[in-house]
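**Student:** These are the residues of each chain, in order.
Number of protein chains: 2
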Amino acid sequence: MTYRSHHCGELRIADVGNKVKLSGWVQKSRDLGGLTFIDLRDRYGITQLVFNLDTDADLCRRARELGREYVITIEGTVCERSSKNPARATGDIEIIVKNFKVLNASKVPPFTIEDETDGGDELRMRYRYLDLRRSPVQQNIVFRSKLAIETRKYLDSVGFVEVETPFLIKSTPEGARDFVVPSRMNPGEFYALPQSPQTFKQLLMVSGLDRYFQIVKCFRDEDLRSDRQPEFTQIDCEMAFVDREEVLMTFEALTKHLFQSTLGIELPAFPRMDYSEALEQYGSDKPDLRFDIKIHPLNEIVKDKGFAVFDKVEYVGGICVPAVAEQWSNKDLKKLTEWVQRPQIGARGLVYSKFQEDGSVKSSVGKFFDDEAQRQWLNHFGGKKGDVILILAGEKDKTLKQLGELRLEMGRSLGLMKVGEFKPLWVVDFPLLEWDEDSNRFYAMHHPFTAPATEDIAKMESTDRTVLKNLRANAYDLVINGAEIGGGSIRIHDRSLQQRNFDLLGFSREEAEEQFGFLMGAFEYGAPPHGGIAFGFDRLCAVMNNQSSIRDFIAFPKNNTGRDLMIDAPARVSEEQLDELHLELKNLK
Amino acid sequence: MTYRSHHCGELRIADVGNKVKLSGWVQKSRDLGGLTFIDLRDRYGITQLVFNLDTDADLCRRARELGREYVITIEGTVCERSSKNPARATGDIEIIVKNFKVLNASKVPPFTIEDETDGGDELRMRYRYLDLRRSPVQQNIVFRSKLAIETRKYLDSVGFVEVETPFLIKSTPEGARDFVVPSRMNPGEFYALPQSPQTFKQLLMVSGLDRYFQIVKCFRDEDLRSDRQPEFTQIDCEMAFVDREEVLMTFEALTKHLFQSTLGIELPAFPRMDYSEALEQYGSDKPDLRFDIKIHPLNEIVKDKGFAVFDKVEYVGGICVPAVAEQWSNKDLKKLTEWVQRPQIGARGLVYSKFQEDGSVKSSVGKFFDDEAQRQWLNHFGGKKGDVILILAGEKDKTLKQLGELRLEMGRSLGLMKVGEFKPLWVVDFPLLEWDEDSNRFYAMHHPFTAPATEDIAKMESTDRTVLKNLRANAYDLVINGAEIGGGSIRIHDRSLQQRNFDLLGFSREEAEEQFGFLMGAFEYGAPPHGGIAFGFDRLCAVMNNQSSIRDFIAFPKNNTGRDLMIDAPARVSEEQLDELHLELKNLK
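Protein sequence lines correspond, in order, to chains A and B. Take the first sequence: its letter number 448 is residue 448 in our numbering, and every next letter is one higher. Take the second sequence: its letter number 100 is residue 100 in our numbering, and every next letter is one higher.
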């Protein structure tokens, strides 16, 4: 052991008297009279080193020269500390250093390597290797590793085989944009990086692998929103000879295992909710169930009472916010009105009814609805004195979404989402197809390989757009705390049904054959019924740690323009490389 | 359970009398008088189904219609077989089928789905999903999964953290060609797919992750030789605060664990051999130690004896092949001479001395060396009557390689490499630099981040090419049965030493800064000493199963032109895609 006999989180009172060797980074240095204390840090913890000016003046003076983040290796003796530090695992001991060596010096870091740092986002991205020294970031990466190995151990224990599917595949214009990779050996041709291993995992089911999984990088060339990454990681799974129930139970068990083994949390059975119910009651296909405010429709109650705004719209609905009537001022309600009117939400206005503790009612529509009418609304919500009803009106789909956003804003601002509380939910019975007005065609709500609900298979032959819009898919999402953690479906395994689905999605026969002929061909050689799911692994890490950004769980993330600021990629390549690939740049500004 | 209560490898004599549900593929069907037997197959095994024409004529007639590879689900009762099949785990029982349903039909497969198939390579690649149904191929994929999870469990148990490094990185012209990925959001710029996570794992050491590993895809755009793939998998590892000894012991322990946990084989301690010794004695930097024929130099003994061929060359050396003198005819020796003269080997000729059992000596150089002289050679080799000495002469490096090839050919043709025997070996003390005559420059033997041996650091400042050629690297390879399984090194962690190494490799300061500035920058912020290794995971799978082709251990391999015959990739992409990427094709034939 050239560099250490122990790591910096290891020594305890029982080690007192032992000679040890440690290596690590200088976290902090303090000179107190004749003593110099250094906190030596590695991944495992911090150990206090002591240098005594009286005993070894030279050594102590050299120690005083050590800057932050210097890497040193020391030899010394473990001693009991006079003032113990119970907040630190090694807090009972310190090392009387006999000698040390500087393994590497360090310039002054561009930001402090502490739990709370003074470095901005861009600086920390540029020096990501230093940001990763900070305990919260490093712990995220260690958590991710633990979550991955627990996933693998569990799936292995229930018979899943991890199979690596290829990264250099074929571009398919359906869905998001592909990253493409020019092939030097096949001039003019390109590979694509997979957006998911979807078709390959289905082929593995055709090949009889029975239970497949993979923790795998996927790629999407999208305009990046704040919390998207061009490369992201999925836990990708598929099973043969299963119905929806078996898939849900298998991955509910996996999820429970992950929470139990990494956080020590026992999750109860996951409730299930129809897609339509999720939209009607929560204004979202991924309801956050940590608080129980629900959306109620009010059309029946408020229509034809002389208030034109309510009378002429498709939908009126609201939420009842408990116990805020006395607390909310008119200014607060004005602010909330402005909040729903922001373009990101897009509501025309906000109607409220405040039910004061003294029994009086204050409302923005008092002119049209008397107190009695409004108390009827309160009953409708099951509300009580002290509550406030917030009402939006407009086109149904849009208004439900706005109410869903308003509901979440209430959850956030009133502190209704408790840290450490987890509310998983299966959302089921999604529509199969989505009509897009702009392009005048159907898109697959999940993806083109999703099977319709068994009862709806016959309706696939319909040419009536309304019938087709109402087709249900045998698809499901796993939602935790309002975040979509996983999504999947039972797949089509019959060539003619797959062909029909491509027809509905507007693929010509030639396009379908060119892009997915290999899969439809495989269906002709004994494809078993199969289905699966894919978890967003980055998101799962973040949600399990009550964090909103996936970036903190990725060792080397990219910024919003897809750039790695540390290595400065992407970058120009040489003319020789382009020549070999038969490529020329064009139309660059 | 819609489709099965048990799988096809599960039922035993203890299950007799139980009603069960099975699903799977029709492997084989036989009609014997009034009975029809079907072998039903899934990943787990084969179960025999019985249909009785007397009992249920309709059902039996429908069963007789089932073709090979049809997917069916059946219900029936487990019965004891009258003629048991001890070769099959379910061979004690059969299922009397009560009813069944066809889940999917199958066309006649293009080749037989049996252990030995009639399908050629290309056909099997095109229908890889059917090839993967064959038990030997499927078992390879299952083995790979098991090897991966055992690797992860072991490394996790000794404190390694699996960290995902990015796939979209920066192109560096050093080494093999990169695959590049045009960036739509950064027009004119490209990402590169990693040839290995080398720089990222070093940055993780700078960040204090301490012990990193990853089982990860890597990419090289090479002209593919028979057993190379453009995408391949590494077990990539790095450790901080270690010397060579700790790295070797850590990964020797991993390798032992893998052999033990997947094959039940206990490997002894791995011997170590200098690179120079490997070349001198085995004519290879990856000696196959399964048989102990060694190369001996003969210059001292054969020179100045009047045989001009030996006198004028740099090197004369040979191997002693045991107990073949009586067995080898002149024709055999002529064939062997032709073998070494093939362009792939490139020897000018072959000298032999046969030591017959009757004490006589037959040689191709009897005119120049009398029996006594040749017996002296035999003593030199430690050989005995019945052996044959084979001698090559020429330029030293080339001749050693030729002798190495000849040695392996002897091992193969004489059956000296036993299936199931494993001879691991650490090859150490590689040269740091390789001189390339064509480009008149040094290349890194391992890679530019490899540290020189500590004793040789000072010599890095030399400008004497001979001194530089003799620099030793702190690098090591793990070799098993003549295959390079892993390679690694202690890395440079000092900015100035890294800069000096780039200088020696002919990088301008600007090139070094542009390509690796982020790494050299990181070395200035307290980089710890570190080192690591990368295992070729595909190769490891093949070697552990005594197979020579890695392709059989890859679920969806590419052919020699980098093409996936099943999905037909790479392929043309649309003009719109190229426009968005600011790319134009040029110079296509």
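Hints are computed from structural coordinates only; laboratory data are not their basis. Keep in mind that the hints are not guaranteed to be accurate.
[Unchecked claim] Quick list of the computed label-pair ranges, beta carbon to beta carbon:
id, chain 1, residue 1, chain 2, residue 2, range
1, B, C79, A, R441, 41 to 47 Å
2, B, S496, A, F111, 22 to 28 Å
3, A, T561, B, E584, 21 to 27 Å
4, A, G517, B, E222, 27 to 33 Å
5, A, S5, B, G386, 53 to 59 Å
From the three backbone atoms N, C-alpha and C, an ideal C-beta is built for every residue, glycine too.
**Student:** Each hint: holds or not?
**Tutor:** Hint by hint, here is what the structure shows:
no.	hint	verdict
1	B/C79 to A/R441: 41 to 47 Å	55 Å, violated
2	B/S496 to A/F111: 22 to 28 Å	25 Å, holds
3	A/T561 to B/E584: 21 to 27 Å	23 Å, holds
4	A/G517 to B/E222: 27 to 33 Å	30 Å, holds
5	A/S5 to B/G386: 53 to 59 Å	56 Å, holds
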